[in-house]
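Taking the hints as your guide, dock the two standalone chains into a single complex.
Given next are the chains, with one letter for each unit.
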Amino acid sequence: MSAAPSVSTPDLSVQDLRKEFAGHVAVHNLSFAVQRGSFFSILGPSGCGKTTLLRMIAGFIEPDSGEIVIGGRSMRAVAPNRRPVNMVFQQLALFPMMSVGENVAFGLARRGVGKLERTRRADAMLERVGLAGAGLKRVDQLSGGQRQRVAIARSLVLEPTLLLLDEPLGALDLKLREHMKIELKQLQASFGTTFVYITHDQSEALVLSDHVAVMNHGRFEQLGTPQQLYYEPATAFVAGFVGANNRIFGQLKSSDGDIAEIETSDGWTVRAKKSGPIAAGDHVEAFVRPEAAILERDASQLPANQAHYVGSVQSLLFDGANSAVLLHEDLTHFEFRVALPQTGRFADLKVGERIYFSFDPRRAICFPSHGGPHG
Amino acid sequence: MVDIGDATPVRAWQRRLILILLLAPALLWLFALIVLPHVQLALLSLRERVAPHVYQPSLAQFHTFFAEPLYWQVFVRTALLSIVATALTLLVAFPIAWVITKVARGRASALLFVVCLIPFWVSETVRALGWLILLRESGVLPALLVKLGLTAVPVELLYHDATILTGLVYTSLLFMVVPLVSSLESLDNSLIEAAYDLGASGFATLKNIVIPHAAPGITAGCIVVFMLTLGNYLTPNLLGGKNSQWFTELIYTQFIVRFNWEQGAAFGFLLLGLSTAIVAVGLRLSGQRFVDVMRRS
Chain A
0 MSAAPSVSTP DLSVQDLRKE FAGHVAVHNL SFAVQRGSFF SILGPSGCGK
50 TTLLRMIAGF IEPDSGEIVI GGRSMRAVAP NRRPVNMVFQ QLALFPMMSV
100 GENVAFGLAR RGVGKLERTR RADAMLERVG LAGAGLKRVD QLSGGQRQRV
150 AIARSLVLEP TLLLLDEPLG ALDLKLREHM KIELKQLQAS FGTTFVYITH
200 DQSEALVLSD HVAVMNHGRF EQLGTPQQLY YEPATAFVAG FVGANNRIFG
250 QLKSSDGDIA EIETSDGWTV RAKKSGPIAA GDHVEAFVRP EAAILERDAS
300 QLPANQAHYV GSVQSLLFDG ANSAVLLHED LTHFEFRVAL PQTGRFADLK
350 VGERIYFSFD PRRAICFPSH GGPHG
Chain B
0 MVDIGDATPV RAWQRRLILI LLLAPALLWL FALIVLPHVQ LALLSLRERV
50 APHVYQPSLA QFHTFFAEPL YWQVFVRTAL LSIVATALTL LVAFPIAWVI
100 TKVARGRASA LLFVVCLIPF WVSETVRALG WLILLRESGV LPALLVKLGL
150 TAVPVELLYH DATILTGLVY TSLLFMVVPL VSSLESLDNS LIEAAYDLGA
200 SGFATLKNIV IPHAAPGITA GCIVVFMLTL GNYLTPNLLG GKNSQWFTEL
250 IYTQFIVRFN WEQGAAFGFL LLGLSTAIVA VGLRLSGQRF VDVMRRS
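Going line by line, the protein sequences match chains A and B. The opening position of the first sequence corresponds to residue 0 in numbering that gives the first Met the number 0, with each subsequent residue numbered one higher. The opening position of the second sequence corresponds to residue 0 in numbering that gives the first Met the number 0, with each subsequent residue numbered one higher.
It should be emphasised that the hints constitute simulated quantities derived from the structure, not laboratory data. Warning: the hint list may mix true and false statements.
What the hints assert, rightly or not - Once the Cα atoms are required to be at most 30 Å apart in a straight line, the calculated DSS-like pairs of lysine-lysine come out as: (1) A:136 to A:114; (2) B:206 to A:136; (3) B:101 to B:206; (4) B:206 to A:114; (5) A:136 to A:180; (6) A:252 to A:272.
Just so you know, these numbers come straight off a predicted model, no measurement behind them.
One chain only, chain B, in its complex shape (with noise of 0.2 Å):
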């Protein structure tokens, strides 16, 4: 028998322990997979090639992408798409997730939740190359609209921006469904029933009860499907194809065709940074903190 006296102490010291064992895998994993190769590609990104194997600190890599106006232009025009791309998705998601909580009951709701999951099994490069053989020219799609007469022709239905945007709605919408599900399922019936019953409409209800219920929820949801998005490079290059012009191939194209990491590195930051500067002001927008968003979904 260990005395009581002298146990506690052991014991706050044995519970230091376990913590820091039981996190060591996930700090481990941190630090190599993701604090490590950013600190490189920080050191990377600040440095500019002189001469063969000679470099030196500079700001050159950040000072090319102001002054070539493709580089930023792609930049905003990615930042605007996957912006319009969260919306919808936010749009699609909501109504889905209420039939999953409010409409539909048992095993129906838990059905529905499925289907939502379905297409996730499939990679998704299967799941891009499918949407590829529904909209090329000579796919389902335009087949099927010449067949019903309302196109004389085949049109070309991929490589427009609306074809991004429904890939991009299309594989984020399980992000957005699964935490609007969990904050509507915590919303009381009776809650919507009480509103009602004051003399609220629908529209009434949805602005003063349900969405400020849901408001975590659906911030959380925005904020994984605008950094998913935004650093999606399969879809819009699927999809898009040359005129995708999405931030990511530019990347792409810098560490990989051109070689010049430098160049690539400052672009992966400057991406970072845009994704924070967003989720920030979307949650000062929305008056949430990203704490209490993190936590409540």
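Same shape as in the complex, but just chain A (with noise of 0.2 Å):
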């Protein structure tokens, strides 16, 4: 490998990362590159080794085993404050006891940049995120999304290869977060920055990111694009951690093809595609996304190849575009999340109506299951 970086050399490179915690393992021999100028989400629930993982890199935490190389360069023995990474924390960590434009400023005055440049430079930096002029205020006369700004663009000064960003998200109020989530993917394209993010929230992780991984008891469950995650999961963690899902556990009868027909406990049968090997009388899990069901009033107006189904409207909610109808199967009682179709078509549903519903296999999938249902 030559020295310097070239265009193709990731800018993140984790090879067989590990760390244990007093027997209990947090990251397990971790392996993944991440592109130069690339939005990086690692998504997961609280204690899945995320923070970890990122705190590893930034170098707050010594690894046990396996190599960062960080632009090209190994950071084995590499202090945090040494290392082509800045970190927007949790709390954003901004100093309250300097003035905004001294927070943007501090990292410059560390490398002995002189008192009027790191001014200046702060200054066109605090621009650059929308908050010319306010180097003299203090931190606390600033709103959540100001501050977040001021924490990104204290980062982002010292023109690191990797931003690291821990959930800076998770402590703004939901219309906030919404704006900065749109904000954020601005920011990033504007600056080309490499971007490494970890989040418990999905839907962040989905509209950010180029790339995502999903992690799960310390390791990837599933690393690709949002898309790749939504329509392909490639593990039932992921199926059921990324987007709405309707959840069908029960065992696998016969196959045709791809195809998988599944009995639950209660004898309701369902068809999904399969996804890794399965045998008959496999215990299985399937998942079926909400929208990938279609509601009928008359049975006849649903596609004849797909097997159909009763149910009563056990409640509706209602939100905008995203609304949905809980049904209770007919002969199971099996609660079933069905999208409503934005066309506005069942806006007159109500509760206690039964109505016909399918869903097309090839949109369902189904993968072998551990456990029994639970949760």
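Rendered as structure tokens:
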């Protein structure tokens, strides 16, 4: 490998990285690479090891084994203050004893940049994040979203190879979070810095990222584009964690090519595409997206080649374009979520009403299951 | 039922009465034990005995202080040594407070705090006598030095300025540790990490983040320790012996040995003026306000 990073060198390359805490494996021999200029997210529930992974990249935690290479340079024995990496902390960690401008200029001052020059660069950076003229303000005079931008400006002014973000939107209220999602994506696009973002919010990861790694129990369940995660989940965990999904536990009855016929313990039979080797009699869990199912008041309107089911409306979940209905399947009372068409066709649906539904087995997916129905 | 219309003024009146009653013991205490004696002392310091039982107002006591080199030299020496003792206490207490708040976890942190507290379960006199046993010529430490071959004969470790300073730092430590712990506890660890992440060295983080955050606690601790040290009588007297030349000893001599209450009162006021002036200068130099310091520590 050449010493000078070429364009094709990934900005971050992690090889066989491992960390244990008192016998509990937090990060389980991970290897991955993040391409220059991309927005990479690590998505997982709390306790999955994503924070440990991020803190190892930042240098706050020493890995037990494995290698972290940033910008073509091994980070072994490189202290956090010497890494070409900056971090946006969960609570932002702006320095309350300094003005906004001093916060942004802090890293430059540590590099020995002269006072005039660093004030100029801090002001220019504040202007780029839409906070022109805020340099003299105190941190507590800013709103939540503005502080967020200061935290990012404080890091980006140092032109790091990598920007690490530790759930920075977690502390914001919903409306602001939606707004900051868009702003973060635009900031990343305009600076072209490689972002590594960790979150437990799948919507943040899907909206923001070029690539997402779904992490669970210290391992990556799947690494792919948001579209791949959503439409082609590799494991049952990914299917259950990313996006809303109906989860159906059952046993494989028979297979027709890659389409499996599954029977639940209550005797309900559904069909779904197989993922991985599954033999007849195996326990499986199938996932059906709410928007994969279609509703009809007249059974003859449903596609003839699909199994038809009948359910009664349990509750209506109106949420604008994300509206859905919870049905109880007639035979088994299985709770099934179906997205309402955005045309407003079923706006007159009532609780208790009986309705037909079906779904394309090619848009449902099933995995071998190790546990029974739980949760 | 009380009508709400006239309940409000009654309530305001009652509230004021309750406030006065609650504060009464403290106010009585302050007045009887601090204000009254000080008024008396002020009057004493401003008079001169011209004949038995005949007094006249005069500044002679203050004049004596400036005319006699021993008095003001001891005065300056006490002030300087107190400042040094305060600075040393801060240097010793800061790492302790840091370990208690940022390094140790849970029980270990509580235990360390108790360890700092334990010496204060024993009276100051007993503690100072303990130091005597350790440091006197026939004591533990000189014997140990001889045994280790570091000194040929037992050396007298008492009655040096360094001994006095050691004793004063030891006595004051807790009063510095407590405000430092409370101010460091409120320092968010992620601020330290953020500074480090942005390229700061350990020293730059200490200077730019930790010390500015802990400044009120540092100032409060320094004020308390400085005042305690300046007004300390027992420790300098026992550990320094005749060499200690601590200003409180001069005051004691005037009151008790010489029975010259006028001179003693004047010395007392000079010491009060000195501690007030030095605290004011210290606050000015560190850019802190007294009210903020006392509120935040």
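Distance restraint between residue 206 (chain B) and residue 136 (chain A), which requires alpha-carbon spacing of 30 Å or less: Measuring from Cα to Cα gives roughly 22 Å; hence the hint holds.
Taken at face value, is the distance from the CA of residue 180 (chain A) to the CA of residue 136 (chain A) at most 30 Å? 25 Å, holds
Are the Cα atoms of residue 136 (chain A) and residue 114 (chain A) separated by 30 Å or less? 18 Å, holds
Given hint residue 114 (chain A) paired with residue 206 (chain B) - CA-CA distance at most 30 Å: 17 Å, holds
For the pair supplied as a hint, residue 101 (chain B) and residue 206 (chain B), confirm whether the alpha-carbon distance does not exceed 30 Å. Holds, at about 17 Å.
For the pair we were handed, residue 252 (chain A) and residue 272 (chain A), check the Cα-Cα distance against 30 Å. Measuring from Cα to Cα gives roughly 13 Å; hence the hint holds.
Of the numbered hints listed earlier, not one is contradicted by the structure.
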